[in-house]
Amino acid sequence: MIATKTKDSPKALETVVIRFVGDSGDGMQLTGTQFSGTSALFGNDIATFPNYPSEIRAPQGSLYGVSGFQVHIGSVEISTPGDDLDLLVAMNPAGLKTNLQALKPGHTIIVDTDAFTKKNLEKAQYERNPLEDNSLENYRVIEVAMTSLTKGALKGVEGLDNKSITRSKNMFALGMVYWMYDRSTEHTISFFNKKFKNKPAIIEANTRVLNAGYNYANTLELIPNAYSISPAKMAPGTYRIIMGNTATAWGFLAAAEKSGMELFLGSYPITPATDILHELVKHKHFGVKAFQAEDEIAGISSAIGAAFAGNLAITTTSGPGLALKGEALGLAMMIELPLVVVNVQRGGPSTGLPTKTEQSDLLQALYGRNGESPVIVIAASTPANCFDFAYMAAKLTLEHMTPVVLLTDGYIANGSAPWKIQSVSEMPSIENRLVKEAREGWHPYDRDKDTLARNWAIPGMEGLSHRVGGLEKDRISGNVSYMPENHEYMTKIRAEKIQRVQHYIPELTPEFADSGALLVVGWGGTYGSLYSAVKELHDQGNHEIGLAHFNYINPLPKNTAAVLGRFKKILVCELNNGQFAKVLKMNFTNLDLVQFNKVQGLPFGNLELTEKCQQLLQ
Amino acid sequence: METTVEKKYTFKDFASDQEVRWCPGCDDYVILRAMQKALPEMGVRKEDVVFISGIGCSSRFPYYMDTYGMHSIHGRAPGIASGVKLANPDLSVWVITGDGDAMAIGGNHFIHALRRNIDLNIILFNNEIYGLTKGQFSPTSLVGQKTKSSPYGNTQPPFSAGELALGAQARFFARVGGNSPKEMAQLFIEAEGFKGTSLIEVLQNCVIFNDGCFSQYTDKKIRADQQLFLEHGKPMIFGKERDQGLVLNGLQLEVVTLGENGVSEADILVHDATEKDPTLHQMLVRLKAPIVTGIIRRCEDLTLEERDDELTVKIKANATFKQTDDLFFAGETYEVH
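In the order they appear, the protein sequences are chains A and W. With this note's numbering as the guide, the letters of the first sequence map in order to residues 1 to 618. With this note's numbering as the guide, the letters of the second sequence map in order to residues 1001 to 1337.
Only chain W is shown next, with the shape it has when bound in the complex (with noise of 0.2 Å):
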């Protein structure tokens, strides 16, 4: 179990000597500064926090943090950090990652991640891009999109990062808009709350090589009617003037009006993160007009280190053997004299 301190660090406490080498106006900014802010909340020992990034923009990461870190190779992070937690349960493990890290070059470690539910964070920052390399198509890229290596038009359908983690059996999946830092403070301070793997994506604005790929939901002008964020147990409503709000309509959710054609607030759906049935939450991932942010999903269930402790606490108290001559001498020996 993680050890919980009383408050007392600042955000000071957790920013490295280096220098933050991303482009101006790049939301990595806003990110870096919400985990910042957020790692004083959350009651961890400083020393036990532990960040895990894998090649990429965003996998500049843990340099810039004063904790223990490691920027690994392209698309291994979650590997590298399973294997950290499994060390020592004990610590506060985060996989940064983005776009191409964590669903091509590392799809299979993402997945596989997912589903073994490690108590790890994972924050993918999906900018729909590969800003590294400069500009080419990611696996979150548009059918269509212009990019360095597609100047005709993407040809290769994207996906939906919430569609595929819950596929892969997410315990905790949320979304947050790249400009809203106190939004995504929040999440983080959820993850960590969470045992199990926490997935959380930013939709993060890269102002060089996709500027404006999230804009129609995170605009600030537009978000409030853009952007559904959800809160568990409360009503699905959105708007500016608060009067929009989701129905389940069929097999489909719909967009009403309150106080349009008598609907009120008892008629729209009540948002049930831990819901262990993903139907509705697979819908509420796929939604474009509003989009969903928010914990869209949390699902409490035994994590891969309470399943093998479990297992090893039963063998340890059968084993015949304390030490490794018990077994070395143990069974078919024989002397010869």
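Looking at chain A on its own, in the form it has when it is part of the complex (with noise of 0.2 Å):
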């Protein structure tokens, strides 16, 4: 029955946060996928992120067994996953427990009562069932007996087994959450036809749970039709709905269409960042070469080798991998071929969080290899512009021949948001350094007078041949070489190479406000979740607050020093004990920075910056 604690007034809300929490294998990322698609095609801004174990299937019922997706939709601009939620679907007890604390007070609870069996209490660590014993009364909870109702709607369907009957009662909750937010059900209905297109009965029961959810929820009117978001404001255009590591992979996809190069990928499974393999293995019909290796350390070796013959070579990894990667990343700096090693972070150090997100592989990225070896450090700072930096980084390190760590993190990796489709012909231009033909006095080190990037001569081609290597080389033949004098000059150009990427990269724009009391610096994943914050404070009238997000690392933007200049305080928020804080105290003397860090797994949430924020503002 519906118990109704509290009352939400039915007025239209600009944004919603809805979260999906069922065991593993209760379909609870379909559920949130299916619902953040249909309010995309219904004009909503998206932002999503799933949240799952690290173990495939846990136990059943069990508290680390709990699976959850999460969905912000908006009438206005979303730009995180939200923390607060409005919705709380728990499939079980255990799902329950965990979330509950993220539920806003007086805010809505669906749960399946058929799932709050004495063993299930047991299983999530319940003395007393939380819908009896009144631990719930600052919340409404509308109790629904979702799997009797499930299997009563699916009565007389043929070809059914008992399990099938049951797992469909994830549409149930979804029918009965569309209703609630005024959604149609015929994306999802359309997507089973697609998805079953072999097994009528299947298309059959999901329609017909889908459909008893919604009139579950409208005929019995047992919940008001309260919310109602409408589309929101976005630039004209065609879009998709698109994870983060789908878009690093087509970022590359398209930049080797656009450069004319083959690509090459190398790599070995790791969480989260294996979903970059996944998309690209499907890709042969491009000419994509996807390897898996043996080992992280043969997935960056066969991307060295198909960067030497001549391919668009990456090699994708998380945390771990990268240090396994680190000498052979050196041995690609020090001969200077292209290169995009993507680290999707998760947290650390040694196997550390594998599914949750962290900041704190950005000084590993700079210097986790011996001798003196910098490379271009980039980050990708929303789901959908991991598209945008997969394709700078592939640019980047054609064009000036050194390779480029592309970091983003779990947290954009699985996070999905709205993207506007980009056509490759939009796409800036890619100009690689292959050598085109054989010429008198021609040297494999000789190099662009402004960029510093060397020539690129590729095996076949006649006349050109020469030997690379790890060890020191001279700086115009490119023969061994232990001359002292020789070796410190290559250590210079090879980090002045580097540092004039400068030139070839934006400035840094600060948002909200340009100069004034406080400005926020963040880089990377943290993005959305620092200009919600800021954008907040900025609307409630704090115009002396601004936002500098970092996406180049190594090198810097060059006007970053004018800009930090130009407040009175600096907060540093990241996700790690104050890496990215390091690297700006030791690129400007005299800046007095106030650090925010956070190393929980988790992303920011909005009210622990804003609080911060004002704190400073004061």
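Careful, some of the hints might be misleading.
Just the calculated beta-carbon pair ranges, DEER-fashion [unchecked claim]:
1. W/Gly-1193 with A/His-278: 34 to 44 Å
2. W/Glu-1310 with A/Val-76: 48 to 58 Å
3. W/Phe-1321 with A/Ile-476: 38 to 48 Å
4. W/Tyr-1029 with A/Val-480: 47 to 57 Å
5. W/Glu-1300 with A/Glu-496: 32 to 42 Å
6. A/Ser-477 with W/Tyr-1029: 22 to 32 Å
7. W/Arg-1033 with A/Pro-484: 28 to 38 Å
8. W/Arg-1115 with A/Gly-565: 53 to 63 Å
9. W/Ala-1319 with A/Lys-420: 18 to 28 Å
One-sided excerpt, in silico: chain A residues whose CB lies under 7 Å from chain W [unchecked claim]:
10. Leu-253
11. Ala-298
12. Gly-469
13. Gly-470
14. Phe-596
15. Asn-597
If you're looking for bench data, these hints aren't it; they were derived computationally from the structure. Note that beta-carbon positions come from the ideal geometry of N, C-alpha and C, so glycine has one too.
Build the complex: two chains, separate frames, hints provided.
Here is the structure:
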């Protein structure tokens, strides 16, 4: 039965945050994806984030086996998957227990009462049934016997086993939420028809249950249809919902096509980077060569080989894998070949928190190699702009002949958001450094006078045979050289080459204010959180607060010192112990930085950020 | 496919202008010369030849060849070479490695290269010692061997390169003494002609840290009696007088003398390098008296490139996406006006 403990006012809301939680086998990811897809089609801006256990099928009903999917929809611009929930859909007691703290007081919980059995309550370590002991009195609890209602809806459908019947109860929940938010079931039904093309019984079952959930919420009028989220104002164009890892993979596809080069991926599976491998192996028809190697080292080694032979070569990994690739990355830097290393950061150190997010590989990316071995380091900051920065990583590595480390993180890699589709024809041009023909007096380490990038002569080209290697080389011929002055010269020129990339990357553009009392500084995947927090303060009338978010870290944008210097206080926010703050302090002396660090495997929450900023604004 | 050309090079075309810096008397010079002599016979374009090495004495090799080359990092040459070959299957790609590089630090890459069967040629310089770091035991050093890191004798049992390779499904395995340049050059040519990963183990003497390690097999005075140079389709006969042969006695190989106890050439095992079952090849690889050289195993199989190409052709034929825009704009897109 429905127990209405508090009342929501039936006014139109600007944004809503919903989280679907259940067992890892309950289909919560599918439910969440369907809801976000439908909302995007409706014209909402959205951001999503899946939250799943590292165990593939953790014991049913257990606290650590809870799988969740959060979606944030809005009629206004959305920049994060949101933190405080407006609606929690809990398919079992464990899901309720582990997620309740995120729900705003007074807001709604939908539970499947059939799952609140003695056994499941024990597994969730509840001493008493929370539906009966008044512990939820600060929330509006909607109790639905979802499993029984699902079974009832499927009475008479032929060809279904018990498992398939109980499994479709997630669609009952989805149907209810569709009705609550005034969404059509059409998109999901057409999804069933496509997905289960050859299984008519499954299509029938899912459709019935979805409609049953929708009608249950509607005809019994148990839930006031209080919410309507109008379409958001977004730039005109063709959109699709994209996950960060897919966007990264597609950025490389676009770069390969634009540069006219074959794309080679050498990789070894690691969470949360593996989806990039999964995506790229699908595209053999574009000539993509995706090689799953025997380990992380062979992954990067094969990519170095492919780069030597003239492919656009990339390798993808996460923190521990970057550690293993360190020596080979140093080789690529030393022989000055183009190579992109994607590091989808996760909680560290060591195995750390594989499915959680963190920004703690920044210093590893910058310095995690022997010797003086600078590389270009850039970071994507939203699920959708993973596309742009993968593309940019490819452009920079090909044009500057030095490896690029592209940092993303578990939060933006697994999160999804609308992406305004970019045609390859609209992307900036990419000029590679391939030597077209042999010329008298040619040397492998001849450099472009502006970028200092060397030439790229590949095997198969007559008259250009040469040897490269990890040993120090003569500045011109590339032959092995142990000359002291030559080594210092080469060390400096390799560093200078990276520094000059400054002239080829955009300047830093602070948002909300160009100067003032407080500059919030961030980099990479925290952009959405920082943007929302600063925007909220700005909208409240705080016009002295600005946001400077970095995508280019080595080298830093040319005008960094100038931007930082225009604010009285600087707050550097990072999901680590202050690695970017260290970089800034090292580069710019006399900076008075305040750090705001969080290392919990979680993104920043809006409240903690706005409170910190307000404290500094006083 | 590799482009073949009429012979137009001499060994000098493959010698770089770099001074060779191995110790005087090292077998590495023999290998270098054999390679420079063999390459003009292979019918490959010089600019299609790539040498990839790891770290160690042997791995300086690419610097001395006037071809494309990379002196890479310790143990990783098979991975890099795999990338080169997959990126451009037209190239003739060679891996130069040693016993430490291939079987210690790079053991994983070595066995997986053999398993995958990419068309690479791997030359393993086995001298049963670490030379460049000045004399520590290697994964092929013998038990009891006194080295700088085993002053009281090595206690770690060795790998046999051949057994390891066959265990890892090597399709082509050959062995040759470091002082047999003619046979060596011939094996290099055979390896290049074989489609798939070819492994040639060279029993290479280190004059400084492990001098004479293979002399009981390779010494010119005795090698005819101590080495059985295998040839496909020919009886396994050896000896100065060509009077010794191998027969199978139960599950053991046995040396017999022709003409004694009624043994005739018809009783002697005939070498079949193409036999898919590796049992006899394993036994031959293990044999110590005599030691077996020549091509022990040569089994045609699809290469990884061929398997991948086959898939790619099918996938391309059925592809709905011709360019990335087709992919980006396909499926669930929506318009914002």
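- Determine which of the earlier numbered hints do not hold for this structure and return their numbers in increasing order. Structure breaks hints 4, 5, 14, 15.
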